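Colleague: Residue-level listing of the chains:
Number of protein chains: 2
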Amino acid sequence: MFKIPDHQVAGHKSSKGAIGPLVDDSGRFYKPLQSADRGAQEEAFYTKFSSNTEIPNHIRKFFPNYYGTKDIEASDGSGPRPHLVLEDFVSIRTNPSLMDIKMGSRTWFPTASEDYIKKCLNKDRKTTSLSLGFRISGFQIYGSKDSGYWKPERKCVQGYNKDDVRLALRKFVSSNSSDDLVAEEPDCVYAENVYGGDNGVLAQLLKLKAWFEDQTIFHFYSCSVLMVCEKGESPCATIKLIDFAHVIEGNGIIDHNFLGGLCSLIKFISEILGKFSHNSTKVCVVNSEKNTSNGYKI
Amino acid sequence: MFKIPDHQVAGHKSSKGAIGPLVDDSGRFYKPLQSADRGAQEEAFYTKFSSNTEIPNHIRKFFPNYYGTKDIEASDGSGPRPHLVLEDFVSIRTNPSLMDIKMGSRTWFPTASEDYIKKCLNKDRKTTSLSLGFRISGFQIYGSKDSGYWKPERKCVQGYNKDDVRLALRKFVSSNSSDDLVAEEPDCVYAENVYGGDNGVLAQLLKLKAWFEDQTIFHFYSCSVLMVCEKGESPCATIKLIDFAHVIEGNGIIDHNFLGGLCSLIKFISEILGKFSHNSTKVCVVNSEKNTSNGYKI
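Protein chains in written order, with this note's numbering: chain U, 200 to 497; chain W, 200 to 497.
These aren't lab readings, by the way, just hints derived from the structure by calculation.
As the structure is a prediction and not an experimental result, all values here were calculated from the model.
Be careful, since some hints might not be right.
Repeated chains share a single entry, so a pair holds when one copy, or any two copies, can fit it.
[Said to hold, decoys possible] List of simulated lysine-lysine pairs, DSS-like, C-alpha gap at most 27 Å: (1) LYS406 / LYS322; (2) LYS247 / LYS361; (3) LYS318 / LYS269; (4) LYS466 / LYS247; (5) LYS317 / LYS202; (6) LYS466 / LYS260; (7) LYS439 / LYS269; (8) LYS212 / LYS202; (9) LYS325 / LYS212; (10) LYS325 / LYS466.
Can you make the complete structure from the sequences, with help from the hints?
Modeller: See the structure below:
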C-alpha cells in the first residue's frame, strides 16, 4: 500500500496533479525519476555507488540503501512510472525533526548549460550558498504533543541570511523552538545529545569530511545533507546524503566544493556545541567565544 | 640600493615604463601599492594582520613580515610612490625554484561589481580554478648550472589543465625537469625532501589547513600560496601566502573557498609523495594507486 510520506521538508511533493515520492509499509521510499536527464542521472549514480567496492562501509551508511528501480502508479494518478526504490529512514521515526541542507557554495557543475549555470549562480548568490558554502532548503522541528511541528514556509527559509541559519541550527536542538525565528532565545538543551557525543551529528560530519578529503570518485553538486533526529534523552541523530541528480565523475580530483561547505557547517555545529554543551569544559566555551567575537570585530 | 628582483613568476613586473616590485640588499621587498582600491586594501590587510593578536605564531610565519609603507622611487622612474615594505624571502635563496598557486575555485568576492565578477568567473572557468580549486599562476624550476632555470611563458601556464598541473607539481621536485612539459617522465627524486618530512610542503599545508578550518577573521580571495625551495639534500622548502588585495572580513564564517582549494592541493601533493617517495611503505603506494585508478574508472 503506497502513501504520501508524512515528513518532507524539501523537493517535489506529492499532491493532486503533482508527482512526488511515496512510501510503503515495509520501510521503502519511492522517488519518481525526475524529468529530462535528472532521473536517469540519479539512477546511474545509485547503480554506480551500489556496485563500487571502494566505498568503505562506514561511509556507505550515510547513503540511503538502493533497491533498484520499479514501475509503480505515480502519486498524481497519471499511471505507472519508474521510481527509485530507496530506504525510508524518516517514516520509521516517531516525531522526527528534519533539516535539509544543500551543500556547496556552487550548485552548478562545470559542463552545465549557460542557462542552467546562470540560474544556479543567481540562486547561490541570493541564498547563503555563496557566503556559507551551504544553504538550508527546508526543515521541521517537533515541539510537543500540543504544539506539534514547526515547519516554516519554503520561501521564508530560502531568504535566510547567515544569522537566520545560525539561529535555525540552534532551534533545531532546542525545547522552545516550535515557533518562528523571532521567538525567545533558543535554549539548545538537546545540543549535546543531538550534535555532540560519539555518534552525534558532529562526529558523523567529521567522518564524512575525512572521506571527502580523500575521495576523487564523485562530485556531488546540489546534493543535500539530511539531518534527522528525535528529541529526548536518546535522540539517535542520523545524517544522510540525498539527491544525486547532479553527481558527476570526480576524475581524480576531490570534491572541494562540497568539502568546503561541509567544513563550514562543521564550524557552525561546533560553535553551538562549544557555547551550549552542558558537558563542555570552560576552555571550550572561552575558545568558542573568542573565535566568534574575533570574526566580527576586525 | 634598490634593484629589480631576480626571481618573480607572477604578478606585475618591473621594467622600463612598467611599475613593479623592488628589493634592497637588506632582505626587504618593496611592492608598489596597486591602483584603485587594491593597494589601499592590501595595506589595510597587512596593518590588521600585523596587529591581530589572535593569529598564532606558527601561522604568522606563513605570511611575509610587514615593515610598514614607504615612499620610494618607483621602478619605472616616474617619481616617489608608496610601497609596502615586506620581507624578501626569495632573493636570499641560491637558485630558488618557485611556484605561485592562486587559491580558491572562486577568485571573486560576493560584494564585487558585476563586471569584475564576470571577468573573474570567466577566468576561473577557463583555468583550473573551477575544477581543481586552485590554478598555477607561474613557476620557475632550477635545473643545473648549465641548464639554468626553466620558466614557462605565463600564457602557457594559464592554459594548463589538470594533467598539466599534476605534471608541473611533479617536475617541481624532479632533477630532469628543466625543460617543457613534453619532456621525459619526471623522476621526482626531490619529492620526499621538498614535499615530505616534518617541515616539508605537505606538513606546512596541513598546518595551514587546520587554521583555515577554524579561523573566521579573513577571507582570502585571489590570494596565492608561494612555494619556494632549493633542490638538494637539505632543500628547506618554504610556503608563504602572498597577494592580499582582495581579502575581506570573514564575519564569523570560515573561508570555505580557500580551504576547499587547499584540500585539493594537499591531495595532489599527497599523491606525488605516495607514488614517488623513497621512504614510503608499500601500503602507501598501493593505496595511492587504488585511489587514482578509482577516480578515472567510474
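Colleague: Of the hints given before, which are not true for this structure?
Modeller: Hints 1, 3, 5 are the ones this structure does not satisfy, whereas the remaining hints hold.
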